[in-house]
Amino acid sequence: MNLNPLTRFDVIVALRFMREGLMQTTLIVLGVALGGGVIIFMSALLSGLQSNIIHRTLNYQAPIRILAPDQVARPLRQTGPAAVASQVQPRAQQLRSIDQWQRIRAEVLRIDGVVDATPVVTGPGFAQRGDATRAVSIIGIDPASYFNVIALDEKVVAGTGDVGPTDIVIGTELAKDLGTAVGDKLVLALANGTMTTFSVRGIFDFGSKGINESSVYIALRSAQSMLDLPGGAASIDVKVRDPFAAETIAQRLRGSADVHVDSWISANAQFFSAMSAQILANTLIRVFVGITVALGIASVLVVSVVQKSKEIGILRAMGTARGQVLRVFLIQGGVMGLIGALIGSLLAWAFLVLWRNVATNPDGTPLFVVVIEPGLFGLACALATLLGILAAVVPARRAAQLDPAVAIRG
Amino acid sequence: MAEPAGLHATTLRLTGLRKSYGAGTAVATEVLHGIDLELGRGEFAALIGPSGSGKTTLLNLIGLLDRPDAGSVAIAGDDTQSLDQAALTELRGRAIGFIFQYHYLLPAFTALENVMMPVLAARGRLDRAMRATASGLLERVGLAAWSDQKASQLSGGQQQRVAIARALAMNPVLVLADEPSGNLDTGNADAVFDLMRDVNENVGTTFLIVTHDPRLAQRCDRIIELVDGRIVADRANADVLRRSPAAGPASSP
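The listed protein sequences derive, respectively, from chains A and B. Position in the first sequence counted from 1, then plus 63, gives you the numbering used here. Position in the second sequence counted from 1, then plus 64, gives you the numbering used here.
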């Protein structure tokens with residue numbers, strides 16, 4: 064059986080009609096190409112921007128953080144009918160462990176979508192070396208599970224992130240401020256005067272000056288000991304497979320245990336609302352560009368039906384069925400959409416490559432990584448073809464309904 | 065060339081054919097007032113009449129391009145009254161060939177492709193046999209050497225010959241020619257007429273030719289005269305034109 068589409072009556076006539084009106088076809092194909100190119104370029108750019116921001120945020124922040132519930136001041140229960148004016152002062156929050164954190168962690172690990180959960184002990188302190196002192200946030204970690212949640216090991220630019228009982232990993236900025244390198248000694252001091260000496264095991268760079276100058280990592284047990292939280296965990300950091308499912312999982316956790324749960328989504332609510340607005344604006348632009356392209360195809364085909372009404376009449380007179388005439392114009396719409404999208408894909412690809420080279424940081428690295436996904440081009444081509452076919456429905460129906468006797472008479 | 069499809073002795077039978085335009089309005093006009101006509105297999109007939117007599121309307125009804133208000137059209141024994149639009153289209157493509165005054169070739173296609181077009185539309189797909197048949201038809205009309213030329217690159221006479229080949233592509237039982245030589249000079253008009261005559265005599269295809277050219281009409285076996293929507297004369301190879309007051313050059317409505 065001959066399955067070559069180029070031997071089909073409707074395909075042959077459609078392509079020949081398009082070739083006959085080459086100027087019209089070229090102009091509308093270019094219109095589709097520009098529209099499609101803009102949509103693909105914007106989509107890739109927005110997707111790159113979003114994934115870049117998300118990646119940077121989740122670089123050093125766990126998607127979900129479980130903490131001990133806040134300590135609240137409980138006013139004395141009133142007895143008797145007399146009302147007593149009282150002022151309840153909020154309680155100062157002490158550093159304390161999550162009650163039964165091992166059990167909670169085990170439960171969290173059983174939740175579908177959770178990659179890993181790691182205990183963390185965090186507290187304030189000072190890093191000292193010689194005369195230099197810097198305020199830091201001490202983070203006690205269990206490297207084995209912590210690296211599954213926060214890729215600290217991948218951010219280490221010197222030494223290693225695998226901390227032992229007397230090791231410390233510091234950021235590049237802090238290392239610069241204190242003049243330390245891997246192997247040097249460093250003193251961590253607490254406000255209560257406790258001082259412990261650590262050996263710099265590694266230096267990390269999260270790409271954020273604030274993090275690089277104020278966070279230090281030591282072993283979980285060392286932190287528990289220093290911060291007087293023996294066997295405890297101030298928080299459990301949780302990594303989930305889909306970062307956008309973090310809030311759903313967080314809500315589930317809030318209901319199941321007496322803990323305080325933060326997700327990166329609720330913690331960055333402003334960022335998410337800005338991102339939603341950006342997505343909405345982008346979607347609107349894409350929809351309007353799509354409508355413009357569809358109207359362009361439809362108008363060209365409407366004109367074509369008028370121009371070719373005699374030819375359509377002749378085709379009908381010689382036995383061409385209405386369905387065949389309908390398909391001739393639907394195919395034209397689809398082919399215009401497809402060819403336009405293919406050219407648009409090439410344009411978008413060229414612009415994305417140009418963007419990569421032009422939009423750079425002062426050091427020459429890309430402003431953000433734009434991934435050129437072949438799937439996006441495929442999807443754009445499929446959607447443009449469908450759009451072309453839909454745009455051709457009205458003119459195609461008009462052509463199919465032409466009365467051959469009237470069309471031939473003109 | 066093979067025998068045309070459908071070996072019924074009567075190629076065309078019209079019974080009580082009526083057609084009005086603007087039906088249901090104040091300006092409704094009946095164009096055909098009950099036409100009865102039969103064309104036998106292999107007939108070569110001319111349809112003459114003054115402008116506005118209803119020739120084109122009658123041709124549209126016979127060609128199944130339009131439906132009558134009353135009466136019936138039977139092609140090779142197939143009554144078309146009960147057929148739906150799709151069946152009419154199928155029958156039209158299979159049994160009737162059209163030749164128009166302005167040839168109406170598809171300008172985007174070559175001469176060969178124009179001839180193949182009715183078969184391609186009927187079968188839905190291109191095949192080698194189609195090309196061979198179309199080449200044979202072009203050879204028959206003397207245009208084998210022009211088969212790859214675009215229709216727009218051919219002369220008026222050549223285009224009309226291609227149109228004749230196209231009309232014969234489906235091996236129809238009936239060819240309807242509407243002023244086939246009306247746009248040609250005398251030499252080309254004679255050549256086109258001779259070609260139709262040749263096909264009629266050798267293949268047995270029935271021809272109904274609308275013409276205003278009395279010279280050509282007289283070369284037909286039968287002359288049917290339509291005046292004011294009625295057949296007023298229907299004679300075999302006679303001098304009807306000389307006696308008819310309506311005869312003479314005029315344009316079709």
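I should point out that these hints are in silico values taken from the structure, not numbers from a laboratory. Among the clues, some could well be false.
Stretch-level coverage of chain B by chain A, calculated; a stretch enters the list once three of its residues show a Cβ under 8 angstroms from a Cβ in chain A [as the list claims (entries may be wrong)]: (1) 145-153; (2) 170-176; (3) 185-192; (4) 291-299.
Have a look at the derived ranges for each label pair, beta carbon to beta carbon [stated by the list, open to error]: (5) B:Gly188 / A:Val178: 42 to 50 angstroms; (6) B:Ser199 / A:Leu90: 35 to 43 angstroms; (7) A:Met86 / B:Ser199: 45 to 53 angstroms; (8) A:Thr70 / B:Ser219: 26 to 34 angstroms.
As the structure is a computational prediction, the values presented were derived from the model and not from experiment. C-beta atoms are modelled at their ideal positions from N, C-alpha and C, and glycine is treated no differently.
* **Coverage assertion for the stretch 145-153 of chain B with respect to chain A, Cβ distance below 8 angstroms, three residues required** => Since 3 is at least three, the answer is holds.
* Can the stretch 291-299 of chain B be counted as covered by chain A under the rule of three residues or more with Cβ-Cβ separation shorter than 8 angstroms? -> violated (count 0)
* How does the Cβ-Cβ distance of Thr70 (chain A) and Ser219 (chain B) compare with 26 to 34 angstroms: does it lie in that range? -> Cβ of Thr70 (chain A) to Cβ of Ser219 (chain B): about 31 angstroms, so the range 26 to 34 angstroms holds.
* Per-stretch coverage check for the stretch 185-192 of chain B, three Cβ contacts closer than 8 angstroms to chain A -> Three-residue rule met by the stretch 185-192 of chain B, so holds; n is 7.
* Asked: Is the hinted range of 35 to 43 angstroms satisfied by the C-beta distance from Ser199 (chain B) to Leu90 (chain A)?
  -> Given a distance of about 37 angstroms, which is inside 35 to 43 angstroms, the answer is holds.
* Asked: Do Gly188 (chain B) and Val178 (chain A) keep their Cβ atoms within the hinted range of 42 to 50 angstroms?
  -> Check failed, 56 angstroms falls outside 42 to 50 angstroms.
* Are three or more residues of the stretch 170-176 of chain B within 8 angstroms, CB to CB, of chain A? -> As far as the stretch 170-176 of chain B goes, the hint holds, because 4 residues have Cβ atoms under 8 angstroms from chain A.
* Measuring from beta carbon to beta carbon, are Met86 (chain A) and Ser199 (chain B) in 45 to 53 angstroms? -> Hint violated: Cβ distance 33 angstroms, outside 45 to 53 angstroms.
Hints 4, 5, 7 from the earlier list are contradicted by this structure; the remaining hints agree with it.
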